[in-house]
Amino acid sequence: MSNLIRRPFLSDELSCAEISRCGKLFSGVAPFSARNVIIIIMKFHLDRVDSIKQCRSYGLSLWQCPQFLFLIMGAITIISIIATYFASRYYIQEPEVVALIVLAVAAIIFIIGHIIVSSFDMIASASRAKSEFVSIMSHQLRTPLSIIKWQLNLIYEKHIGTENSEIKKFLDHLGEENQRMLHIINDLLELNRIEDRNLYLNPSNFSLGEVVGDLIDRRNKSLLEAESNVFIETKIPENLPDVFADKIKAESVASHIVDNAIRYSANGGKIEATLVSSGKYIKCSVTDQGIGISKKDQKMIFSKFFRAGNVFRYQTQGLGIRLYLAKAIVEAMGGKIGFRSEEGKGSVFWFTLPAAKV
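Under full-length UniProt numbering, the sequence shown has 172 at position 172, and the numbering climbs by one with no breaks.
These are calculated hints, taken from the structure and not from any lab test. It should be emphasised that the depicted structure is a prediction, and the values quoted were computed from it without experimental measurement. Mixed in with the good hints there might be a few duds.
[Stated by the list, open to error] Each computed DMTMM-like pair below joins lysine to aspartate or glutamate, with the alpha-carbon atoms no more than 20 Å apart:
| # | residue 1 | residue 2 |
| --- | --- | --- |
| 1 | Lys304 | Glu132 |
| 2 | Lys221 | Glu190 |
| 3 | Lys304 | Glu195 |
| 4 | Lys247 | Asp297 |
| 5 | Lys221 | Glu176 |
| 6 | Lys221 | Asp187 |
| 7 | Lys283 | Glu238 |
| 8 | Lys280 | Glu210 |
| 9 | Lys357 | Glu238 |
| 10 | Lys345 | Glu272 |
| 11 | Lys270 | Asp217 |
| 12 | Lys235 | Glu251 |
| 13 | Lys149 | Glu132 |
| 14 | Lys299 | Glu251 |
| 15 | Lys247 | Glu177 |
| 16 | Lys235 | Glu272 |
| 17 | Lys169 | Asp187 |
| 18 | Lys283 | Glu272 |
| 19 | Lys304 | Glu233 |
| 20 | Lys304 | Glu331 |
| 21 | Lys280 | Glu238 |
| 22 | Lys283 | Asp297 |
| 23 | Lys296 | Glu272 |
| 24 | Lys149 | Glu210 |
| 25 | Lys304 | Glu190 |
| 26 | Lys247 | Asp214 |
| 27 | Lys280 | Glu331 |
| 28 | Lys270 | Glu233 |
| 29 | Lys283 | Glu331 |
Throw the hints in and build the complete structure from the sequences for me.
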């Protein structure tokens with residue numbers, strides 16, 4: 001998955017390890033010389049400015065690809081200016097001919113510009129079609145999954161007795177998988193709303209301590225039933241001020257972060273949820289003793305569809321969008337979100353929400 005997320009060209013943080021690795025590829029280059037370091041970086045990122053490769057990744061022909069057409073337009077403009085200058089100075093004396101050449105060049109640039117605009121229109125149309133498709137399919141899938149959920153509950157409550165422990169186990173598994181699919185569909189719908197700038201918020205004053213406390217109680221009950229060696233502790237001070245935010249969205253954010261800590265606490269251990277008042281904000285922190293996040297993955301952790309490279313050994317399920325959703329929702333409610341982590345030692349994820357005005 002990490003191969004699908006490409007870092008920006010000449011990113012702000014190019015580690016010495018990367019430069020050293022590139023130096024091995026390009027032997028004979030003196031290390032730590034400013035000129036040679038620039039050469040190494042340029043070679044290392046050469047594939048990232050390859051317009052033809054980018055156009056192929058978009059599934060567009062060269063004459064429909066904006067990056068390639070921008071290069072062509074720039075090249076034509078520069079060559080035309082230089083050619084017009086030398087032609088008018090050394091070969092052509094009539095100003096009318098020079099004017100016609102300039103008009104011809106302008107016409108060519110106009111045509112290329114029109115093609116570029118049309119390409120962007122195609123990309124925008126494809127993006128709209130994708131959003132509409134995801135929305136329609138998610139709604140279509142959610143309805144039968146909801147029916148299956150209620151039918152399973154009905155069978156479980158009315159027709160399965162304690163003597164049918166094997167069937168009860170199968171029904172539990174079916175219910176869990178059905179619920180997992182519903183969560184995925186709801187996440188995709190939320191992602192679609194965020195990308196369409198159509199995220200609806202209903203802010204009100206409420207106790208974040210109560211929301212997080214109830215969430216932790218439910219998670220601890222589930223962990224106990226599953227005989228997990230993970231346990232969540234809470235540190236919620238009394239008389240903690242209320243927050244002003246969307247209660248359902250805030251619970252969703254807390255759920256994403258707590259579930260993330262549970263999922264990647266592969267070897268068990270304690271998870272700690274802490275709430276503190278910090279000026280005009282209430283801060284919620286979730287600390288785990290899990291697998292942590294490597295430094296190379298940390299700057300991408302809130303990216304869409306990104307999963308760290310070390311998680312696949314412990315958890316193969318997941319789309320890699322929940323932290324992206326959490327960040328978008330928290331920022332939409334006027335808060336902030338962040339983390340600190342060390343690979344192999346665990347992570348601390350935190351978010352803040354505005355305190356309610358007294």
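Can you give the numbers of the hints that this structure goes against, from lowest to highest?
2, 4, 6, 13, 14, 15, 17, 19, 22, 23 and 24
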